[in-house]
Amino acid sequence: MIAPREEFKSWQSGVAGNGSGNGSGNGSSYGAVRSSEAKLVKKTDDSLGGDLLEVAMGPHHPSTHGVFRMDVVLDGETVVKLKPVFGYLHRNHEKIGETNSYLAAIPYTDRLDYICSMTNNWAYVHTVEKLTGLQPPERAEYIRVIVAELTRLVNHTCLIGFLVQDMGALGTPLMYAFRERENIIDLFESLSGSRMMFNYMRFGGLRCDLPPGWIEQAKRVVANYSRFLDDYEALLSGNEILLARSQGVGVLKKDLAISAGVTGPMLRASGVNYDLRKVDQYGIYNRFQFRIPLGEHGDVFDRYMIRVLEMREAVKILDQALAQIPEGPINDPKAKLRGLRPKPGEVYGRIESPKGELGFYLITDGSPNPYRFRIRPPSLINLTILEDMCLGQSVADAVIILGSVDIVLGEVDR
Amino acid sequence: MTKLDQIFVSTKHWLVGLAPEMLQSLASILLSIIPIMAVFGGCFAVTTILERKGLGRIQNRFGPNRVGPFGFLQPMADGIKMLTKEDIVPFQSDKVMHFLAPIVLTVPIWLAFSVLPFGRNMVAVDFNAGILFFFAAGAASELAVFMAGWASQNKYSLMGAMRAMAQMISYEVPLVLSAIPVIMIAGSLSLPQIVEAQAGYGAGWFPQWHVFTPWGLAGFGLFLVAATAESNRSPFDLPEGESELIAGFLTEYSGFKYALFFLGEYLGLFAISGLAVTLFLGGWHAPLPILEWLPSWFWFFVKFASLIAAFIWVRGTMPRLRMDQLLNLSWKFLVPLAVLNLFVTAVWHFSSNWQSFGGLAARWLMCGGLLAAAYVLLGRSLSRGQGTPRKYTYAE
Amino acid sequence: MLGSGLIKGLAQTAKNFFGSYHDPARMVTVEYPEQKRVVPEASRTIPFLVYDGEDPELGLRCTACKICEVECPTQCIYIVKNTSKKPDHVGKMQFHPATFDIDISVCMGCGICAEVCPFDSIKMDQVFELSTADRFESLLLHKQQLAKPNSYFGKIHPTEAGEIDIRREQDKRKAEAKAKADAEAKARAAAEVQNAAANSAAPPPSPQTVTPA
Amino acid sequence: MPSEIAFFTFAGLTLISAIAAMTMRNLVYCGLCSAAAFAGIAAIYLQLSAEFVGFAQFLVYVGAIAILIVFTVLLTRGTDIKPTVAIVSRGWIAGVVIAGLVFASISVPVFMSATLWRTAPPEVAAPVEMIGLELMTRYILPLEAIGLLLTVALIGAVVIAMREKPAESIEPEVTDLEENSTPAPRFDVSSLEVKS
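Residue numbers (this note's numbering), protein chains in the order written: chain A, 1 to 414; chain B, 1001 to 1396; chain C, 2001 to 2213; chain D, 3001 to 3196.
Everything labelled a hint here was simulated from the structure, so no lab data went into it. Don't take each hint at face value.
As the list claims (entries may be wrong) - Below, a list of computed lysine to aspartate or glutamate pairs in the EDC-like style, where the Cα atoms sit at most 16 Å apart:
1) C:K2008 - A:D230
2) C:K2015 - A:D319
3) A:K278 - A:E313
4) C:K2015 - A:D230
5) B:K1391 - A:E296
6) A:K316 - B:E1396
7) A:K278 - B:D1087
8) C:K2036 - A:D186
9) C:K2008 - A:E233
10) C:K2092 - C:E2169
11) C:K2015 - A:D231
12) A:K219 - A:D319
Said to hold, decoys possible - Beta-carbon label-pair distances, calculated as ranges:
13) D:I3155 - B:W1364: 29 to 37 Å
14) A:L89 - B:E1086: 42 to 50 Å
15) A:D231 - C:P2033: 29 to 37 Å
16) D:I3005 - B:P1289: 47 to 55 Å
17) D:A3020 - B:P1069: 52 to 60 Å
None of these values were measured; they are calculated from a predicted model. Where a beta carbon is used, it is the ideal one built from N, C-alpha and C, also for glycine.
Build the full structure now, drawing on both the sequences and the hints.
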């Protein structure tokens, strides 16, 4: 656990009723801000303005998407410094992976990013397959693509709901998102038995085959989804308030995005053409016709729009996959459920999860459990850039910029 | 018909007559105050449950449906919960101000109801300067919000209070400015006389409400926007914007004090909706002559309820603005438009003798065109290129 | 532009408002205590133990092989092997658990135990009203609470249970036929040797040679 | 008689609030007390059946000026300043003298004027309309002059409050900050260290 820090002490003893300046925010001294003794920091050369206000937003703030904390220093309402603090949800995931068998790590991956359990499963089994050379049969590959793209729909819809919720929309888009998510998790439940923690994929295949009638139901859901997207866009995309709140806010420049290792829709919103479904062509993504939407400005609105457009592409992939899916076995005949002991070695496997590049890095030593189990969570890496996007924006913007990063604390803290 | 229309007035007179001579004036006062408090207190309870159910339906949920038939006893459950909750006063807070703030908020808002005409002859006090009284009473709520935010000694509360004050000061200007054209046309500051000025039907069926004129329509729109901001409703609920400031100036309030704030906000909404009905929607007049057999107070409450429904609808749809955008909207859009509306009203007033068909059309075109042009130009400059469709490229 | 987007949004919410009254597809809420969802067949919550016949103790399929205990990711299963043996459905003598506990406050319902069980003994239940006021005792399920009849299993997972039942029936028939054949062969051999008094029964099958189909 | 009781209540309230506004050490309290004093004055106007003036007094003074006072106190962080000088000091003598002179110079003409000895006129029927007419006819010049003055004050305030350079670019302040200070590491590892 993190020991109580100086800020907390000053928070408890200090008087919050000190005003804060509304004037221009130039020339704050960074060094003074860093001293944790002073909560209110004197500005050096501003005749009009007051002092800086240090606010710890989180870990139980309503819009930090879980137990995340932003230590922000505010000049009036302008953010002059922001420090993301995470680790409140640390669950020792990597260490558990190192003490458990390879199979027993799969249900834990469900709990990484609990909105996209299917892609988490896939990333992990993809890594182990790379290690062991197991090859899932064609039907299994199709099913994987279908569930992964359905997961993408779920994730992006919910993210947009949360984002607009952060803008203050009283939950209406979020409720619509959850309504549609319900249809998809019903599909997943009839497939895997659980509504969120699917534990569905296995090394070299899948746990169970599709139940009868699943494909037809999935086709219905997907057909409804494009209609829903039209409605969702009618509600949001033209909304003047949403445009005003999101355009030009939280701009992430292309170079910075690349050098910070940002991936996923955030990177593509900054205009970088990088999608592992095209770059690695893992699974059978090379069989489908789809395009990668790219943003130009890299602001919150672009991140929103990229997700909408990605959902439309995902619907296209789903249409193709659901039409083409063949009959056949769903497991590699070489695969066995228990007692996997890969040869010593190391491997890094990655897929394009809805949030970005989700990678697993395993070092094996020939024993039934990995020697090193490491996860590259897209949420965490994308979050490291938060301060650069928030500086100079208002505190209300910081909240929606955090929303547009799309984090799930289960994945950030692991 | 007249009996039904005047049922409340005659009941009051009958009851006052029952009282002894000495106490008659006191009885008259009490019988004006108590019904207002009862009716609008009841409106508060009903609105909370209807709002939650309506928002639920907008969001494709059921809304509260567990307490009583269809959940309609939910306000009682909420009230019991609020009253029995622990009243937490922060250790560092200014205890006196923390206690006074909800009272200072609620009392003046009750006062504001005293000048609203709820029906024919149904107004508690007919002040000469009634509309001014209304705004003066509303002005006190800003102090209460400041007191709440400052006394809580919480950073979020303080920021919420600062936002609230900046917002209320800024939006009081367009609020008053958009009401002035009505005063100009009606020639009176008294609310019953303003309602009287909207009596009658043009061509025998067309109601002469102010909203059916170009300046009235513009004024009504401006008034509604400013009223939304004044009553801290979404999309202008920044002072308590829960995604940024937890609950703004309400962060450190719980139990009964919180309930008082809640009550105060809803009463403020009711009062300002009542004023909007009075100023622009013809007050208690029926929309068509053939509907005049329904009592006047019925029409007032129908219009009132539809305005409240509109507020709920907007709340269920829109995200919230940012602080600077909020102030920009007020000073760069609403205030100039409201000032122009004053001018347009003057034009309308002085062209009132253009009663031929062509004259009417010219009058409408001139006034409406001026306002529409200003709307488009100011809106363009406010949005500054935002809202133009963006092009997204695709990589194969 | 100029408020048209807001109007569009208002139209959208109005559509949803009125739609919620006539379009059941929009209202996905299940009013829980009165209505309950029909869970799909694959649905799983916590594990339970299947027993055949009437007596949970006698018919328990579990042979205390401890595979599930080893494979359980959260290690929430605790098994103690009994020293005595009893015959299973094909008549082989098997160990059985003296203690079989599952701590469902730790169990995450992943279903790996059910997947790895070679005896079709541990399966996933579909009960979901599991909350109790007692954190410790009520959430630690013992063998008596875990054991549920095969008919219940057939009710919640009909497809899977049907397959297993058929397979077990085949195994049983095969075993019976084999036993019969063995007995006949023995009898024939005995008749040939004409030493009927010494040997009267076939040797018991060894417990190590269980082979699921 | 009741009207006198009301008058003395309001007058006492006004005076007590005004004194409190002068003597309290907490600037926010002072601001709120002055608001109470304004409200008391408004009540006295209303008692004189000067509805318009009373409401205007309340709207302008309580609704705007008092708010601006507390707003300013907040913005300048006046609540924190601990006064070092005692309230009763030598500066008082000068203050009392000046106040006395001002009071005398106002009261002498008031007592000399004939209005004081005139009986109260009967209530005016429509005071608001009359005020309007008077303002637009007889007092048009003072009204225009005041309007001009206020406009000038408004523009002046805007000019003072305006930023030196227009903040067109999105992150001008950030660049300033970066230049003026050594760039801090974005992620402070030390903050995550376990403290015993």
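To see whether the hints hold, each was checked on the structure:
no.	hint	result
1	C:K2008 - A:D230	12 Å, holds
2	C:K2015 - A:D319	28 Å, violated
3	A:K278 - A:E313	13 Å, holds
4	C:K2015 - A:D230	13 Å, holds
5	B:K1391 - A:E296	8 Å, holds
6	A:K316 - B:E1396	14 Å, holds
7	A:K278 - B:D1087	59 Å, violated
8	C:K2036 - A:D186	14 Å, holds
9	C:K2008 - A:E233	10 Å, holds
10	C:K2092 - C:E2169	15 Å, holds
11	C:K2015 - A:D231	10 Å, holds
12	A:K219 - A:D319	7 Å, holds
13	D:I3155 - B:W1364: 29 to 37 Å	36 Å, holds
14	A:L89 - B:E1086: 42 to 50 Å	30 Å, violated
15	A:D231 - C:P2033: 29 to 37 Å	32 Å, holds
16	D:I3005 - B:P1289: 47 to 55 Å	51 Å, holds
17	D:A3020 - B:P1069: 52 to 60 Å	53 Å, holds
When each numbered hint is compared with the structure, violations occur for hints 2, 7, 14.
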